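Listed here are the chains, written in short residue letters.
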Amino acid sequence: MISIENLHLTIEGKEILKGIDLHLQPGDIYGLLGPNGAGKSTTIFALLGLRAYGSGRISVLGRDPGEHAAAIRSSVGVMPENAGFYEWMTAPAYLLWYGRLYGETQSQRDLLPLLEKVGLGTQGHRLIGTYSRGMKQRLAVARALMPHPSLLILDEPTNGLDPKGRREIHDLLFEFAAERNAGVLLCTHLLDDVDRLCNRIGIIDRGRTRIEGRLGDLLAEQETDKRYRLRLEVEPEDTANLPAGISLLAHEGDWWRVQIQFEIPGGPSTLWGELWRRGWRILEIRSEASSLEELYLNITAPGHSHVQEAAI
Amino acid sequence: MKKWKDILLAMVAMVLIAAVSAAAEAPLILDLRPDNNNPSAPVMGDHLRFWSTIMNTGADPIEGLVAWISLVEIDPGNEQPVDLEDWSAHKAVTGATLEPGQSLRTDWPMRLIKGGDYRVVVSVTDRGSHTVFTSPTIQFSVRQKPVLQAGRVLPVAAGVPLLIIGLMVFNKTRQRRKKVQL
Amino acid sequence: MKTHWTIAYKESAQMLRSQRGLLWVLAFSGLLSAFSLLLVSNTELSLLDNAQVVYMMSGTVLAAGALLAAILGSDAYAGEKERGTLVPLLCAPISVTALLTGKALGMLTAWGVMFAEATPYLWAVGASGQNLGAALLYLALFGTPVVLGFGYLAMAVSARTGSVLASLLSTITLLMLAASPFLIGPGLRGTAIGRALDAVNPFAGALNTFDSVIIDSEPFSAQFARLLLVVVWLGLCLLAARRSAARPNFQ
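Protein chains in written order, with the working numbering: chain A, 1 to 312; chain B, 1 to 182; chain C, 1 to 251.
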């Protein structure tokens with residue numbers, strides 16, 4: 001659906017993209033990661049034909065955005081970061097109007113299921129100007145989904161949402177990708193979102209793709225043990241007597257850092273149950289420096305040499 | 001001493017005689033008359049027309065003739081020349097040549113922009129002479145007419161803004177009451 | 001519905017259906033009402049010739065229209081960028097031409113509303129005089145390209161700079177320069193430089209046409225050169241707008 005190879009792009013004499021690679025297939029949910037100013041948004045704008053690129057190759061839905069931008073955009077739903085609305089309109093009126101730009105001929109009534117999906121079903125009568133930030137974020141997702149796109153591009157879609165809202169959006173994206181065998185390109189800083197949603201990732205830094213490929217493959221390539229932080233109700237009586245496969249790393253304030261050495265049948269929950277029986281009153285479990293976070297931090301560390309892998 | 005006095009007197013007399021002769025022998029005749037169709041009691045907005053006739057009565061051709069119309073307001077306390085910018089698009093005739101005995105007849109249309117008492121005159125000069133000749137003046141009065149009728153302006157000036165305010169109130173009420181029937 | 005009509009619908013609705021938008025309609029009628037009341041209440045002014053008054057009011061409508069076009073044009077790209085609504089618009093499948101045309105149609109709607117609003121005022125001050133019909137016709141015929149030209153020019157600067165302030169300052173400055181001969185007076189306009197400026201100034205071209213038609217009752221044939229001037233002005237501004245809109249400043 002998207003194929004970018006060695007993309008170079010200059011804006012006002014400054015080279016912003018210096019070699020971007022990105023490959024997204026139908027059904028993929030692709031996480032595009034990178035620090036601020038890495039070039040994520042610029043890459044998206046190049047995909048949509050809003051920025052002319054200097055060299056390299058871009059193909060979106062089989063077309064070059066330099067020549068077929070409008071045709072590409074007619075099949076792509078986009079949720080830009082910090083995107084605004086016409087605040088004097090209501091949500092259904094806005095979506096109806098926006099849909100006309102895609103040639104949609106729905107009525108406001110037809111849009112109700114979509115608004116309900118994003119959690120705005122009861123807010124349709126209010127002007128968008130009265131919406132909270134989270135509500136506008138939901139409306140932005142609805143706007144991206146409304147033209148029934150083949151490809152969805154989302155930039156920080158869960159900004160401003162509470163955990164429940166984030167989960168609802170995640171479920172929407174899963175449903176979208178699965179139902180329509182469509183592609184989703186997700187730009188986000190939230191590694192938890194990527195962890196949960198994405199099967200492919202690309203990490204870009206300073207205008208270059210540092211690493212790209214299937215998430216499972218990339219994580220398997222680097223040695224990562226599973227580490228967790230546990231918050232306990234009371235200090236356990238015996239911290240030396242631990243179940244097999246788990247070792248205690250450190251005790252830092254309220255948190256107990258443990259490491260699981262190998263795959264446990266039934267997953268880590270088996271071990272948590274065993275710890276509970278041994279008096280570890282666990283209140284909270286956090287995955288410490290999830291392997292994705294380690295991967296990200298390693299790749300974007302200042303001294304990291306430029307390695308570009310495309311595990312397609 | 002008496003001799004010098006006599007010479008001086010003779011010179012003054014010669015100058016005076018020359019001046020009188022020149023006046024008595026002006027090379028053209030200038031006439032100005034109102035058009036027969038001019039309204040007898042013109043009011044602001046009316047059109048007037050004047051006709052001038054310039055005839056070369058001299059023995060030589062008059063070349064580079066320039067004739068122009070002037071208007072002066074003579075209302076007591078308001079005496080002033082009038083800028084003919086809005087009164088007339090035809091304010092001068094230039095560059096004409098008149099052979100001996102030839103006449104030039106010109107019309108001077110005018111729209112009456114402002115009320116008051118006026119005098120109109122046509123002036124003529126030419127390339128060769130250092131004199132400006134003037135026609136007889138014509139005096140006329142223009143009656144005032146209040147052009148803007150309050151009975152028409154006031155309802156519009158008040159009504160249009162009120163209509164728009166009404167629209168704004170209606171719009172606001174409609175937005176408040178509107179529920180999306182989904 | 002073609003996308004440029006969709007854009008035009010939004011532009012028009014924003015002006016005419018929102019309360020904030022209707023305020024400018026009210027402000028314009030306030031201006032004309034104040035002008036009309038001044039004419040009626042002042043003894044000297046109320047004796048002005050009908051044609052003179054219609055000419056003055058037509059000039060006021062033209063100036064207000066050009067000012068509104070400068071404001072709307074400045075907001076067209078830069079305002080949307082500053083409110084965050086430009087990028088979603090650019091992400092939709094709209095061509096450069098469709099977006100520009102839609103914005104211009106919205107501007108034309110605003111001018112149409114102003115014209116309709118001004119008509120009863122012009123009738124009220126000019127019905128008993130001459131050339132009212134001609135005044136309305138020439139206000140539409142010459143006013144429209146002048147107003148639209150300023151709108152396109154503002155859109156060109158707006159798209160290029162991405163700043164409403166920059167666009168407003170430059171367009172309104174140009175509008176004031178165009179109107180300055182009339183502020184300076186007939187003396188300076190009569191000089192060689194004044195006449196040369198008048199010959200290339202579309203605003204002056206339109207006002208001189210109003211003068212020629214409304215006051216001097218001159219025919220259409222005498223207005224060809226000035227009609228060409230305003231049409232060329234519109235064409236040049238349109239070209240500038242198309243060039244800037246092809247690569248707008250959106251980030």
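In short, the hints are calculated from the structure, not lab data. Some clues are possibly wrong.
What the hints assert, rightly or not - Covered stretches of chain C (in silico footprint by chain A; criterion: 3 or more residues with CB under 8 Å from a CB of chain A, positions within the stretch not fixed):
| id | stretch |
| --- | --- |
| 1 | 150 to 162 |
| 2 | 233 to 246 |
As the list claims (entries may be wrong) - Which residues of chain C face chain A? A few of them, derived with a C-beta cut under 7 Å, are:
| id | residue |
| --- | --- |
| 3 | 3 |
| 4 | 4 |
| 5 | 10 |
| 6 | 18 |
| 7 | 90 |
| 8 | 92 |
| 9 | 224 |
Because the structure is a prediction, the values reported are computed rather than measured. Every residue gets a Cβ at the ideal spot worked out from N, C-alpha and C, and that includes glycine.
**Report entry** Interface hint compliance - residue 10 of chain C to chain A, C-beta minimum distance less than 7 Å
**Finding:** Since chain A brings a Cβ to about 6 Å from residue 10 of chain C, closer than 7 Å, the hint holds.
**Report entry** Interface hint for residue 90 of chain C, Cβ within 7 Å of any Cβ on chain A
**Finding:** Constraint on residue 90 of chain C satisfied, holds at 6 Å.
**Report entry** Hint status (Cβ of residue 18 of chain C to nearest Cβ of chain A, threshold 7 Å)
**Finding:** holds, 4 Å
Query raised in the report: Mind checking, does the stretch 233 to 246 of chain C have 3 or more residues with a CB under 8 Å from chain A?
Result: violated (count 0)
Query - Hint check, residue 3 of chain C versus chain A [nearest Cβ-Cβ separation less than 7 Å] - result: holds, 6 Å
Query raised in the report: When the nearest CB of chain A is found for residue 4 of chain C, is that gap smaller than 7 Å?
Result: Given a least distance of 10 Å, the restraint on residue 4 of chain C is violated.
Report task. State whether the coverage of the stretch 150 to 162 of chain C by chain A holds or is violated, taking the criterion as 3 or more residues with Cβ-Cβ distances under 8 Å. Result -> violated (count 0)
Query raised in the report: For the hint on residue 224 of chain C, does the least C-beta distance to chain A fall short of 7 Å?
Result: violated, 40 Å
Requested in this report: Mind checking the CB of residue 92 of chain C against every CB in chain A and telling me if the closest is under 7 Å?
Outcome: holds, 4 Å
Consistency note: the structure conflicts with the earlier hints numbered 1, 2, 4, 9.
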